[in-house]
Structures are given as structure tokens and as C-alpha cells.
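Sequence lines, in order, name chains A and B.
When the letters of the first sequence are read in order and numbered with the numbering used here, they come out as residues 1 to 293.
When the letters of the second sequence are read in order and numbered with the numbering used here, they come out as residues 1 to 319.
Simulated from the structure, these hints should not be mistaken for laboratory data.
Careful: at least some of the hints might be erroneous.
As the list claims (entries may be wrong) - Pairwise CB distance ranges (calculated):
1) A:Ser158 x B:Arg315: 42 to 48 Å
2) A:Ser231 x B:Lys92: 25 to 31 Å
3) A:Asn125 x B:Leu301: 18 to 24 Å
4) A:Gly227 x B:Ile99: 21 to 27 Å
Computed from a prediction, not measured in an experiment: that's the story for all the values here.
Built from N, CA and C at the ideal position, the CB exists for glycine as well.
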Amino acid sequence: MMKKLKLRFFRPREKRLNRSMAGNSLLFIIMAICGVAMMLPLIMVINNFLKPLDELYQFPPKIFVRNPTLVNITDLFTLMNDSWVPFSRYILNTVIITGGGMLGHVIIASLAAYPLAKHDFPGKNILFHLVVLSMMFSWTVTQTPQYMIISWLHINNSYWALILPACSFGMGLYLMKQFMEQLPDSLMESARLDGASEWQIYWRIVMPNVKPAWLTLAIFQFQQMWGNTGSTFLRDESLKPLQFALQQISAGGMARAGAAAAVTFIIAAVPITFFLICQKNILETMTSSGMKD
Amino acid sequence: MTEHKNNSQINVSQEALEIARKQGTLRYRMKKSKASYLMLAPYFILFFFFTVLPVVMSIAFSFTYYNMLELPEFIGWKNYIKLFLEDDIFLKSLKNTLILAVITGPVSYFLCLLFAWIINEFKGWLRAFLTLIFYAPSICGNAYVVWALILSGDRYGYLNGLLMDLGILDQAIVWMKTEKWVLPFLIVVQLWLSLGTGFLAFIAGLQTVDKSLYEAAALDGVKNRWQELWYVTLPAMKPQLMFGAVMQITQSFAIADVSIQLAGNPSVNYSGTTVVTHLLDYGTVRFEMGYASAIATVLFLLMIGTNLLVQKGLRRVGE
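Okay, chain A solo, but in the shape it has when bound (with noise of 0.2 Å):
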């Protein structure tokens, strides 16, 4: 059986030297823990939106679902419909957001990251190491500033206000830069034979090269905007995104205790089904996400 096991799950042995049948068990029994730990909460989160009211306020409380009902998301859309500014303009909202975001971020990004990887001129190094610098420090450090200037700017109350800051963040360019470091400088070379310019040589070659890097992008960049309830910069309820919704709602206390655990259900799961559906992308980005010294 266990022998059985290791050769479906553990990769083939002439490729991994050094290995030993007590070594694999203990890793697999470590994993299997581990997991189990790291998944209960979320565990919980999928079973409490699955639970009905008397279920929720039982005591002692229990994991699992007894009665699996969908009353909790018919209650939430029941209490969406109520609100004074129309469902449909949150969802509205967040596409744009979320979807602006991300289009401009990975756009943006990767325009600065070709010429970052593969071109030579005067004050390149500067530029990138302020990138890197960029990513030690968490944005909350700036947030205050941020906000002034955002004012400045009288781009506050807009989508503008949450998508031009978006568009800068450093980890992209600098997942971009490394990707496209990657590529063959002959792809390039042969292009400008050809008569093409530099920025033919960005839209055509490179960028349908680095598929994988601006899904990674794309996905950080979703998960970034996901979260944002926009509260600091708009000010006007019909631009505000979903999240900012879906957070009033869970904020109703015991009463809404139902739709509140159909909210953080919605709210997770989101993200984690973007995730799956990139999953082999981002990883092969990440593989060229090593930061050289």
C-alpha cells in the first residue's frame, strides 16, 4: 500500500536520490496535519455559510453543518435588493476598479519592465534599485501622504483615486522585469532586422511571451482591489465597490449573522477561484522571481 502510494504521489525515484521510505512517510503525516490545520478555518467559513440561523447560535458550537441550507445567500441577496443604491452599481463599481486596476497595472508595468530587461541607457540601475527599495516598505507607510496628494490631484472621490496608485505598485514591474529577462535577446534582435520598432517589438514579441507574467500580475493586482472597500476615497455611496457593501451588511450584527457568513463565504471565495484558475501560470513566473544582489 504504501509502497503503492509512493509511487503515485512522490516523483520517480531515479530522479530523486536520497530518499527513504521512513523520510517520505514523516513528511506526508507532517502535510496531512498542517493542512488540516491551515484548512479548518476555512472549513469553517464554507459551513457556516451552509448553516441555518438555529444552527449559527448553537451551543456548544459545533463545525459542521447538520441541515445544509442556501437560506443565507437568498438572505443576502434579499437584503442587497434593499439598499438604496442598486446592487447592480456595487457590481458595476468593482468591475471598473478591479478591472481598471488591473488592465492599467499590467499594462503600465510590463511597458516599463521591457525596457528595464532588455535595454541599455543611462540611469537604469537607479530606476530599478528605487523599485526594489520600493518593495521593503509597506504601503501603509505612505498611506497619509498618499491621501494628500490624491487630494491635490482632485482625483479623490473617483475610481481614478484607488486606479492610479494600483498602476505603480513595485512588485509588478519587478516580477515583469525578471520574466523578460529571461526571454532571448536573438527573439529581439531578429525583429530589428526586420524593420520593426521598439514598440512593435513590446506589443508583438514580448508581450505574447510573458502570458504567464501578466497573469501573476493580474491576479496579485485582483486580490489587491478585491479587498479595497474604497472608504478612504470615495465618498459618494454609488462608487463605492462591492467589498465596501458586502462589509455593511456583515456589520449587522445578530440578525445578519446568516448573510454575514454568506459574505465572507462570497468573499473568500472569489479570490481563491481566480487563483485556480492561474495557478500553473503564476508559478512559473515565480520561478524567474529571484532577487539578485
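Position chain B against the provided structure of chain A, taking the given hints into account.
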């Protein structure tokens, strides 16, 4: 005749030298790379406005008194003096942040590496599935609010319920409102959340290690997978180790949301306060921008300093 030939040769090479000298000048090279600069422009204009300028402003405002209504007034080092000598809560937040960072930073870095390495021993769908399980908590938005249910202070909380069921407790403990429990639980939740970008980078980095290195190492007398890890695998994935460290350090110094959601802001006796919650307190509640900027500047220096220090240390891996 030969003299003339020689002369013209010298002339030509001098002309070439002249052209080469011209091409070597900064101005020429910048002119030549116009396309490159144009491509960089959109990103770096935004980068300047939303990253460089805020950092510069933060440092500049930290020497002023500024309440957003009146013009900033220069007050020298006063903010910093107040911060380190008079503000007990800041010192507490600094202590909490350092405790959180020193524990969650290295532990989660080590866990990322350990789990990534173990996952790399598996293959196929199981490997993809394990990656998803361990990465999921860090991407699923604010799903950590489920911890509020687990740690809920009444008997409906899962932890209280479980412990009372087992007869360990006879009365519910208000976990996140009891000073001594706040920080330990924040650490647990933060660890749960922290297998993020660094973890993915490690998984991918492990895949790139040249397989022939392992064969060579086996011939050289490497006996088991633990030796293999230290002598072959880790040195080969040094760049990813650096990247992961940067991500992990930055993350562990910026803990705030988890603390605010689970322990509240302000938390009981400031037991869960961190530098960032303190910063948010002054920046978005009290509108004392000068003081908030001083806090931000200290945090900024702390993050960059630690990152550079750790990078230096990591260069010695496998030596």
C-alpha cells in the same frame, strides 16, 4: 607615399575616436534611448506621485506640526523626541510590532520554506492541491474574521465551547479582551495568514534547481535529503530566498488589520496595538499629520533597515 597613407589612417582613427567619444557622452546615450524613456514614463510618473513623493513628504512633514487645516509649522526634532521619550503607547506599539515581527517573520519564513520543500517532494494533482491549501488563507480577503468566531468571548465561541466541552474551562474567557491573550492569538492568526507570495516563490524556486546537482552531490557523499537541502537546494535557490525574505519582513512589520478586526483599535490596554495602528490613529482619526509622519518615517527606516540586514545575512546560506 607610405607617409601619406599613415597620415590618413591616423586621421580616420582620430575621427572615429571623436565619434566614439561623442557616442560615449551621457547626452548622446540619453538621446539614443528616447524610446526606452518613453516606455518608462507612465510607470515612473505614477511611481513618483504615489510612492517617491509620499515618502519624501512623510520625512519632511515629520519635522513639522501639521493638522491639515493650518500650514505646516517647522518644529525640528520635537515629534521624534515626543515619540521616543513621552509617548508610552508608541513604545508599547513598537514593542508589540517587534515581538510580532521577530516571531512571525522568521517562523513564517521557515514554515514557507519547509512547506514549499515538502510540497516539492510530491507531484501531480496532490502537489497543486497542497499548494492551494497552504496559500489559500493569505489570499482569501478578510476570511480571517472567522477567527473572531473562534475566539469569540462568550460560550458560543468555538474555542471556549471546545475547552468547556472538554472540561478544561468552566467559564468562558473573553480572549481578545484579556491583555495576556491578545498578542499570542494575533501571532497565531498572523502565522496562518502569512504563507503568501514568498511561499509561491519558494515552490517555484525549488523546481528550477538543476537536477544534475543532486547526482553530483550524491557522488560527493551527501547521504540524506536534509544534507541535500543545506548543501545543494538552498544555495541554488538563493535569489528566491531573498525575494521571500523581503516579502515576509515587509508583511510582518505592517500588521494592523488583523489586530484592528480581532482586538479592536484601541485594544484593551493597548495590548494589540502596533506601529501601524498607532499611525492610523494619528493619521486618520486625530489628523496630526506631522506626528503621524514621524511614526511613518520610523517604520519606514525600520522596514528598510531590517530588509537590508537580512539580505546581508542570507548571502551566507550554504557556506
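Note to self: Does the beta carbon distance between Asn125 of chain A and Leu301 of chain B stay inside 18 to 24 Å, or does it fall outside?
What the structure shows: holds, 23 Å
Next item on the list: Determine whether the Cβ-Cβ distance between Ser158 of chain A and Arg315 of chain B falls within the hinted range of 42 to 48 Å.
Entry: holds, 46 Å
Next item on the list: Just tell me: holds or violated, for the beta carbon distance of Ser231 of chain A and Lys92 of chain B against 25 to 31 Å?
Entry: With Cβ atoms ~27 Å apart, the hint holds.
Check: Between Gly227 of chain A and Ile99 of chain B, does the C-beta distance stay in 21 to 27 Å?
Finding: Holds - the Cβ-Cβ distance for Gly227 of chain A and Ile99 of chain B, about 26 Å, lies within 21 to 27 Å.
Every hint, counting from the list given before, is met by this structure.
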